[in-house]
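Student: Here is how the chains run, residue by residue.
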Amino acid sequence: MEEQTPSQNNWLKKVWFSVRIPFLAIILALLVGAIILLVSGANPLEAYWQLFKGAFGSWRNIQRVLEKSTPLIFAGLAVALGFKAGLFNIGAQGQLLLGALMAGYVGFAVKGLPAYIHIPLALLAGLLTGAVFAAIPGLLRAYSGAHEVISTIMLNYVAINLSDYFSEGPWKDTTPGNIVSRLPAIQPSAEIPNIGPVPVGFIVAVLTSLLIWFVINRTTFGFEINSVGLNPHASKYAGMRTKLLIVAAMVVSGALAGVGGAVETMGVVGRFQPGFNTGLGFDGITVALLARNNPIAVILSSLFLGAMKGGANTMQFYANVPNQIIDIIQGTMLLFVTAEMVVRWVFKLRKQRDTEITVTSGWGQR
Amino acid sequence: MDNTYSKTADALMDTDKSVILEAKHIYKTFPGTVANDDVSLELRKGEVLALLGENGAGKSTLMNVIYGLYTQDKGEIFLNGEPYAIDNPHDAINAGIGMVHQHFMLVPVFSVLENMMLGAETTKGPFLNKKAAEAKLRDLSESFGLEIDPHAIIEELPVGLQQRVEILKALYRDVEILILDEPTAVLTPQETEELFKIMRRLTERGVSIVFITHKLKEVLAVADRIIIMRRGKVVGTTTPAETDEHGLASMMVGREVILEVEKAPAQVGKVVLEIEHLNIHDNNQMHSVRDISLSVRAGEVLGIAGVQGNGQSEFVEAITGLRRYNSGEIRIDGKRMPQEKPRTLVEHGMAHIPEDRQKHGLVLQYPLTSNFVLCTYYREPFSRHGILNENEILRNAEELMERFDVRAPSPVTVAGDLSGGNQQKVIVGRELSREVSLVIANQPTRGLDVGSIEYIHKTLIEMRDAGVGVLLVSSELDEIMSISDRIAVIYRGEILAVLDAAEASREEIGLLMAGHISE
Amino acid sequence: TPKTPVVDEAPEGADVDQPTETFKVGLVTDVGVVDDKNFNQATWEGVLAAQKELGFEAKYIETKDAKDYDANIQLFVDEGFDVIVTVGFALGEATINAAKANPEIAFIGVDQFQGEVVPGVAGLIFDEALSGVLAGVLAANLTETKTIAAVLGTDLVPPVVNYNRGYVGGAKWFDPEISIISTYHPGGMDVAFTDPEWGASTAKQAIEQGADIVFAAAGNTGNGALIETAQHDGLFCIGVDTDQWLTVPEAHKCLVSSATKDITLSVVELIKLAYEGNFPSGNYVGGSSLAPFHDFESIITEEIQAKLKEALEAYNAGKIELPEK
Amino acid sequence: MISKTVDKKRELSINWKLLRQVILGLVIVAAILFFNARSPEKTSAVLSSTLRYAVPLILGALCGIFCERAGIVNIGIEGQMLFSAFLSYMTNVWTGNLLLSLLVGMLTGAVLGLFLAFLSIKLKLNQTIGGTVINILATGITGYFYQTGLTTQGKLWNIPLGPLAKIPLIGPVLFNNPPITYIAILLVIFSQVLLFHTRWGLRTRAVGEHPRAADTLGVDVFKIRYWNVIIGGVMAGLAGSFLTLEGVGMFERGMTNGRGFIALAVMIFGKWNPISSALAALFFGFANAMQIQLQFMGIQIPHQFVGMIPYLLTIIVVSGFVGRSRAPAAEGIPYEKE
Ligand SMILES: Nc1ncnc2c1ncn2[C@@H]1O[C@H](COP(=O)(O)OP(=O)(O)OP(=O)(O)O)[C@@H](O)[C@H]1O
Ligand SMILES: Nc1ncnc2c1ncn2[C@@H]1O[C@H](COP(=O)(O)OP(=O)(O)OP(=O)(O)O)[C@@H](O)[C@H]1O
Ligand SMILES: [Mg+2]
Ligand SMILES: [Mg+2]
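Residue numbers (my numbering), protein chains in the order written: chain C, 620 to 985; chain G, 863 to 1381; chain R, 63 to 387; chain B, 10 to 347.
Same shape as in the complex, but just chain C:
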């Protein structure tokens, strides 16, 4: 530590500056959770210890955390990319759901393909579905002024109805004895394998994060997306095709969410079944905000959330704590991450300029 050069020191400082708010927010949220646990007569230390063990106590648990993180990374990237373009994609949930559905369909209905074709094909199906479904609010936002927050909330319900319809109707699993509405299991050739405890989907997710980081920070497309998000008027003035960019950002965001759903179907569940993806898109919001829209940080915040989800059942089992506590911690965390002033006030931190996050404001405005 002592022999660090000043530049190394600066680098560390920079990292600390960019992570301190989320980090402290997590601490605060865990404290609030601890208080609720105490009030309801549980031992918070024991609970958190079991939570930790449940997440990292064995290779199997670690694998589960990675599995849970994988769709979160995609959902988080989807939301973060939307934020970058000034769009609040609450619809990631619906896009993810339909992505999962289509991947499930291609996964079981297309037969006789080798894995190296079938897997990409099913992923592509999820990707395209998510993209198309996200294009609707994108187009509406760009060309009719319908605010994406409201239209994507509504489309989420549409997505649920659609996926229910297909799972009960035309694509229902007709295996003898099955009574549940769901799709048949995907072909083995569409299953995404694991390498040791690491799901291949997770590796793809990490690579995708790097790619998105590069696109946002180092390409002209990223430049345009950022501009449109920060100042659509100036972007139009500068010759960017703002409406098209809004649609494009929404489409890419939806594609990411769709892949998230596909990976979930193909790597974890093994088929599409309603109710298996509940809340993933909404968790994407938490992930993106926790990561302050930085694609690399999305990996870390997904891992954190994935660990909480992965450890929850062990916590419930051994520490006798209802797992709704996870919801409470998550909500509190979101609150503290976004309400920086609370964190600043608690920890007496000074304001820094670059820490503001941009999210859209009201709807109905054009």
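The set of hints was computed from the structure by calculation and includes no laboratory data. Where hints are given, some of them may not hold.
Stated by the list, open to error - Taking lysine-lysine pairs in the PhoX-like style, the calculated list, with each CA pair at most 25 Å apart, reads: (1) C:K855 to G:K1197; (2) R:K381 to R:K371; (3) B:K346 to G:K1221; (4) G:K986 to G:K998; (5) C:K862 to G:K1221; (6) R:K121 to C:K672; (7) B:K51 to R:K208; (8) R:K387 to B:K51; (9) G:K1132 to G:K1197; (10) B:K51 to R:K234.
For chain C, the structure is supplied; the task is to place chains G, R and B with the ligands on it using the hints.
Tutor: Quick look at chains G, R and B with the ligands alone, frame taken from chain C:
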């Protein structure tokens, strides 16, 4: 203090007028800025006190402190000799202070009447009494000759009338002290004259007025006393009798300022911009530009004079590809331009200095590096195959900051942290540094102080001398007069006349701007 | 105060300090909570009832994420549980996989039809149509307006559909002229059973157009319908799955009976069999019947009793025609 | 001159709109009378079901209107409703005092309103996220603390309004309802008058459109915003209490089931106007009642498609295909005094 500007016998004589408001040792800081640094000022009964100073000198801040919008860090305010705590506008209104703000403070979707009533509602039981309010408004309109339709919706009114509503709003509240923060920026010379008459009528009734403006002529015409601020401090007090425009200008900026631009006769070349029979509807489907035909030639400055809100914005937006037009044709270098394609126009050598620098000109959260390539990021050398070349972008920013004298801590400072004048320089630098044949400059110096104005005027003339066609749109008559070669006057969306700048007179153009067509 | 989630109450005298010696029964819920007034709860009550009788350690875990079925079962496996009860068809696959990996453990799969026999797995299934028929016959007997209603969860879930088929079939069998108005919740799986206000207002809409008996087969949505019916004088309502007299006291005014499947009892039986070492594999059909009439005993005449008996026989003989949906 | 022509235009368009509305109203009345003649019970059943479904939506939408007219976006209505439903239920369980339970429900809504106001006004937190936080916390906390086996002690009952309740068709539908339904109807009228004919309303709308202008006229922007969000919270609280005290009489985890979000849609549908929003809510209520009625009549449509209708309609409305609605201009933007 420089004794040239110390109180003269004249000014001392005025002291027998009683001091109605006094601000003592006001300090006000914003993060990173000291806006008011130990400012003291006194206002006497029935006088017009002009407050003069460059941009960011702290004039509006001081007035906002007096009006209770801001709370001073230190200092006190006295009313009629008694200390008076003004913590919010409510206190100020109660004390008989009214203010017409630099930016309109009207609710756009409300009617004139609703805007009048807001904050000073007359009620009958629990309900609003619109009848009583309307009667009061009509009385007021009559006694000051300020006619207005009480039921008109603000956003549908031209800015001149909106300004009228602002003044009526202050009068509606029975003011003893009236603060006017740059009220003439959007008025024609004639409307300005009208305003001065009203001000005189008010002072005769004992109302005291603080009048802020950047137009030195107006100060000399209407003020009883003049206070000059610079960098948050009061740097002098004078009277119109003691000084002239040059005196005021150098006092404001702290150095000698050249108010007239020196330029050689224009060397006119081929036509670069041609507009034929252009018609535009605005957002409310009202005709805002009617059948305009104009052309700009290489090596000349065509000035478009007009009061704000007469269709200039729509006109410029249409030629720069930001707005669809309904009919007509636009050609650059003889080539027909498609609708709504700013990029195509940039490719054809058009530069555009937009009217609203923060809305259109800059991405405030972007660093200067990105803002400098906002229109050219997709081209070599700034990017190749869709991938940005950070080194080139940085080098470009360093070069332009040097060339256009942009004062900022570093090329990666975000644009939003720059002062208005420096922000404008970034835009000018970006637009004028690439190969262009045509410059569209819309209100390029709005709200800037004389120093910055001088610089931008000089740059525009340099472009013209280098053979570029310049279309200058401005509501500042002085600006139009001093740098245009030809002047077109726009009124209610129509070009009333195109005059040779050398032969046109201020009065003639002023009348045209008000819609009077002379024979 | 919140509920204590994991009940761990070995009866007095049982030696919990020697886990190797103790018999242990675990329960994994379907997505949802153990106190859902529905099959998760009924199953858990079965476990507790068996515990009372036999004295063993019992523990449950609530599934929050459908992907955790395996992991939750595994927690019990790791802790050396002897019997693991999994609730709901959705856990069927996870249960079979776990059973194959752990042949020494007895698995009870509630509502899990077994296509083929897997050693160590007993699929506890029910004939919902049967209790539906009885409910329909009862309703048809009691109605004065000749209009009876059913408020149903989603048709995505076969047991719900079966209840309704039985209800309609039974009522028509008794009186072909009777008019039956029934409605499924239009939402998906996630809301169909947790929307009591929808259940209540739907029941009211039916009541206002003359229905005087409301059969509610929709989990908590249905509970709303029961409570609503209780607000109207002189009407009857019929609950579902368990004896809802015990779970929805607010509906006592109208709750004449419930179309039940005997989850609790069957679970007790299966646990006992496992305890004794006679655990069966394959499908185990639990009982379906009407719950006791409680306060309404007096109005259930001999005649009605006879009709119900007759209906049971007719059904078993395949003489009652059931509609498609 | 210019303003005059504008005036004329506006008058003309209002007349057209009025005409359209009158015609639409007449068609609806005629249809109701027609069906009433054919089968009175069914008609009144469908209409009361319509009203009942609409009540929480109306109250939720009023919450949205109060908040957004003052410039605060509230997507936490769902959470406010759920929380209030829970606490008024718990109060009913503990005390059996319905009035107290109702007050607790309203108070809960108000406190959450205050919380949202504090987050968005004082901490200047992004308002959409503030609402999301309320929604997540409401699901988590009510789920955590809810326990079954509790029994409520009664629920709010119908109060027939004397002879009014005896009018055919209208009587049973409109004048024989439990209290919160009456309150909701009165609140619609009250809100309409408050917003457009009182000092408070004028100031509220000004604050939602141009807070700085209001500030310069001595209007306390923060105070107006705080109070409106709190009042809105009371409305959401009433909506929640409606579910547990008047509608069902019980609580269930997540029992609001998206009604808070549909209320938002209703608010936009109704263009931030109480009466129009109430009509929009009735329309959604009618769609729901008809969906049930069609099933009663044995007409089977895949219910997933029927279930989508309100959401698709909302999208169509916000897309401006049925007349554009314009949100308050300052909505969602924290007001900074300096
Ligand atoms: N709300 C604010 N936050 C931060 N800084 C501010 C704010 N308002 C004004 N300032 C800064 O305070 C200084 C004084 O501003 P002020 O508006 O009083 O200038 P002014 O003399 O009125 O200028 P102008 O002629 O451009 O109107 C400037 O540096 C300005 O940038
Ligand atoms: N609204 C604002 N919020 C925060 N900081 C501001 C704001 N306006 C101005 N500033 C800061 O105040 C500083 C001074 O601005 P000001 O406008 O006084 O500059 P200036 O000295 O007048 O320069 P110029 O003559 O080029 O306009 C700037 O560095 C800017 O960062
Ligand atoms: Mg400045
Ligand atoms: Mg100013």
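Student: Run every hint past the structure and note whether it holds.
Tutor: Hints and how they fare:
{"no.": "1", "hint": "C:K855 to G:K1197", "verdict": "holds, 22 Å"}
{"no.": "2", "hint": "R:K381 to R:K371", "verdict": "holds, 14 Å"}
{"no.": "3", "hint": "B:K346 to G:K1221", "verdict": "holds, 21 Å"}
{"no.": "4", "hint": "G:K986 to G:K998", "verdict": "holds, 15 Å"}
{"no.": "5", "hint": "C:K862 to G:K1221", "verdict": "holds, 17 Å"}
{"no.": "6", "hint": "R:K121 to C:K672", "verdict": "holds, 20 Å"}
{"no.": "7", "hint": "B:K51 to R:K208", "verdict": "holds, 15 Å"}
{"no.": "8", "hint": "R:K387 to B:K51", "verdict": "holds, 24 Å"}
{"no.": "9", "hint": "G:K1132 to G:K1197", "verdict": "holds, 13 Å"}
{"no.": "10", "hint": "B:K51 to R:K234", "verdict": "holds, 22 Å"}
The earlier numbered hints are all upheld by this structure, with none contradicted.
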